[in-house]
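Student: Starting from the given sequences, assemble the full structure and let the hints guide the process.
2 protein chains.
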Amino acid sequence: MASLMLTVSTSPLVHPSIRHNAFMPRRCIDQIRLHTTPPIRGCSLSIRSSSSPDTGFTRIDGNKEAKSITDEIKIEVSRMDASIHVVPGLAVILVGDRQDSASYVRNKKKACESAGIKSVDVCLPEDSSEEDVLKYIWNPCSVASTIAINPKKDVDGFHPQNMGLLAMRGREPDFVPCTPRGCIELLHRYNVEMEGKRAVVIGRSNIVGMPVAHLLQNEDATVTTIHSKTKNPEEIAREADILIAAAGQPNMVRGSWIKPGAVVIDVGINHIEDPSAPRGRRLVGDVCYEEACKVASAITPVPGGVGPMTIAMLLSNTLTSAKRIHEFE
Amino acid sequence: MASLMLTVSTSPLVHPSIRHNAFMPRRCIDQIRLHTTPPIRGCSLSIRSSSSPDTGFTRIDGNKEAKSITDEIKIEVSRMDASIHVVPGLAVILVGDRQDSASYVRNKKKACESAGIKSVDVCLPEDSSEEDVLKYIWNPCSVASTIAINPKKDVDGFHPQNMGLLAMRGREPDFVPCTPRGCIELLHRYNVEMEGKRAVVIGRSNIVGMPVAHLLQNEDATVTTIHSKTKNPEEIAREADILIAAAGQPNMVRGSWIKPGAVVIDVGINHIEDPSAPRGRRLVGDVCYEEACKVASAITPVPGGVGPMTIAMLLSNTLTSAKRIHEFE
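In the order they appear, the protein sequences are chains A and B. Numbering that gives the first Met the number 0 applies: residue 0 is where the first sequence begins, and numbers increase by one. Numbering that gives the first Met the number 0 applies: residue 0 is where the second sequence begins, and numbers increase by one.
In short, the hints are calculated from the structure, not lab data. Just so you know, even glycine gets a beta-carbon here, dropped at the ideal spot from N, CA and C. Careful, some of the hints might be misleading.
[As the list claims (entries may be wrong)] SDA-like mimics (lysine to any residue), calculated; alpha carbons at most 25 Å apart, straight line:
#1 B:K230 to A:Y189
#2 A:K228 to B:E171
#3 B:K151 to A:E234
#4 B:K228 to A:G169
#5 A:K228 to B:N106
#6 A:K151 to B:R168
#7 A:K228 to B:E218
#8 A:K63 to A:S100
#9 A:K230 to B:R168
#10 A:K230 to B:G195
#11 A:K230 to B:D219
#12 B:K66 to B:F56
#13 B:K228 to A:E238
#14 A:K228 to B:N217
#15 A:K230 to B:Y189
#16 A:K230 to B:N231
#17 A:K228 to B:E192
#18 B:K230 to A:D219
#19 B:K230 to A:S100
#20 B:K230 to A:K63
#21 A:K228 to B:G195
#22 A:K293 to A:K151
#23 B:K151 to A:D219
#24 B:K228 to A:E234
#25 A:K230 to B:E234
#26 A:K230 to B:N217
[What the hints assert, rightly or not] Covered stretches of chain A, as calculated for chain B (at least 3 residues, CB under 8 Å):
#27 70 to 77
#28 168 to 178
#29 222 to 236
#30 272 to 280
Tutor: Spelled out as structure tokens, the structure:
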């Protein structure tokens, strides 16, 4: 019988108030190796030196790449279903009614449908107790842990052991957390060279800043993490060949923060008031896009950059989890 | 009856080929909070700006600080023994005959004697199998893991879950690994301000570079890690207010790598040939001390800097482990 694991952690580990978990009602197949996917349609970027900027500018299209990945996953899911009658599944428990979380869950559900992955959502009120939430977690982790999630199904990859394996050289995590993985995947798919480049990560959160810094270092970039206590963030950001903005501060990174020719990945998803917008507000990143696109060689827009890639990576991790549990190579 | 855990991992996690583990033959007491220890004898350093170097220079005395810590531990161990008849213990399995490892084990044994901690060593030949080693591990970890060490007794703190907790904001590891903790402890004891300072870590090893970078970031420093693939290490090192050298390359860091007034922690322990030395070789760090002391405001010597602090932190972690297992606050 299928195993279904619905999970949300009430520990400070979790932010936003969502956790995901893979389940597989039937059986599964092959593997998609996203990192070995060849560069897309000749779209290749070399980081320009600050001394020789050219006028070329690339808008990194997260929607297009996410669709391409989702299409690959869909083929795999169909083969799995046809061959061994297993369809991977993804369960989400949403606690509270944060607007950005709700929007993420909607997008996740739509993406699951596109990929043929089963999707289950449980919405619980903000004041739910840990016990209320735990009721929805099947097959919990059997080891003593601060969270009840079985690491093999923790497709978010937020378990401390997974984070340790991610941070350690020569080790491999069970799952690379979705947003950081989405950032690196975009850099790979746009052929951005990372080895020996200076990378600056703005923000040191557990879900983006810290893991993406480790992933960049694993790619042999030289990484600096800046944060709220950094005294001269603008100056340090300007040292970056690759700049990852994950501070959660709308339009914080201005054109003057960016080295000419740098590649900029904007992880921010911020709603700001805008009386001229249809709903009185609009979505912006951590980077002032209008200024950045005059200086950078490439940048991800918001929306349409890292956001859809996060969802695509979640589907990919879900597929991987299903394959492992059913021991399909 | 006492629990005794002798442990060495043959996994790539372990380097050098030593693992430690705490055991407590009887029962235990209070707690030493090293991080809240007031600065020693008015020895206080502020990081000088590069524009106003003065001629003051401080040799950071690891031997003295380690002795002070060991003395505090000894008092605790005696109180524990007198009150509840428990003496903490430390077991080491040494596989192979690496000279630096053997010397470390000798120093560890001597330090245990000074602190009144029981010490057990097991020396196994280089070609010992995992099974040979596992025979000496009592009370192994009950959870599925790549190593058999119970994290509560893993006083080295190298378990992936411990590393994850160390890396994550808002979480606490069971044990901070000894060498990185020794580095930070020296900075604390010499009142070196870390918040908002630029720190550069040379080396990205699992046992020093990676964890010390996280510890510096937890102290609100802005951290850059440089490594073998970094293109301009000298230039980046020169940005550092606090420079931690942990590359394992004798005398790699020259005077020109150091910002005037910086504080330098030299983690390197390298034996180099020297026909004029009594045994034909001598011990040097990763930093060229003679050059560095003309530029830096403070530096740890080798020997007598980080080395003895590593041992002191190992004793401290052993005491902490004993207290936790016997539920003494």
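Student: Given the hint that A:K228 pairs with B:E192, does the C-alpha gap stay at or below 25 Å?
Tutor: 13 Å, holds
Student: Okay, the segment 222 to 236 of chain A and chain B, do three or more residues pass the C-beta test at under 8 Å?
Tutor: holds (count 9)
Student: Within 25 Å, alpha carbon to alpha carbon, are A:K230 and B:N231?
Tutor: This hinted pair holds, its Cα atoms lying about 23 Å apart.
Student: Against the 25 Å threshold, does the CA-CA distance of A:K228 and B:G195 hold or violate the hint?
Tutor: Cα-Cα ~5 Å, so holds.
Student: Against the 25 Å threshold, does the CA-CA distance of A:K293 and A:K151 hold or violate the hint?
Tutor: 44 Å, violated
Student: Would you mind confirming whether the straight-line C-alpha gap from A:K63 to A:S100 stays at or under 25 Å?
Tutor: 23 Å, holds
Student: Taking only the CA atoms, is the gap from B:K230 to A:S100 under or equal to 25 Å?
Tutor: Violated, at roughly 41 Å.
Student: Can you confirm whether the C-alpha distance between A:K228 and B:E171 stays at or below 25 Å?
Tutor: Roughly 20 Å between the alpha carbons, so the hint for A:K228 and B:E171 holds.
Student: Next pair to validate is B:K230 with A:D219; report whether the Cα-Cα distance is within 25 Å.
Tutor: 10 Å, holds
Student: Is A:K228 close enough to B:N106, meaning Cα to Cα at most 25 Å?
Tutor: 39 Å, violated
Student: Between A:K151 and B:R168, does the CA-CA distance stay at or below 25 Å?
Tutor: 23 Å, holds
Student: For the segment 70 to 77 of chain A, do at least 3 residues have a Cβ located nearer than 8 Å to some Cβ of chain B?
Tutor: violated (count 0)
Checked against the numbered hints above, the structure violates hints 3, 5, 19, 20, 22, 23, 27, 30; every other hint is satisfied.
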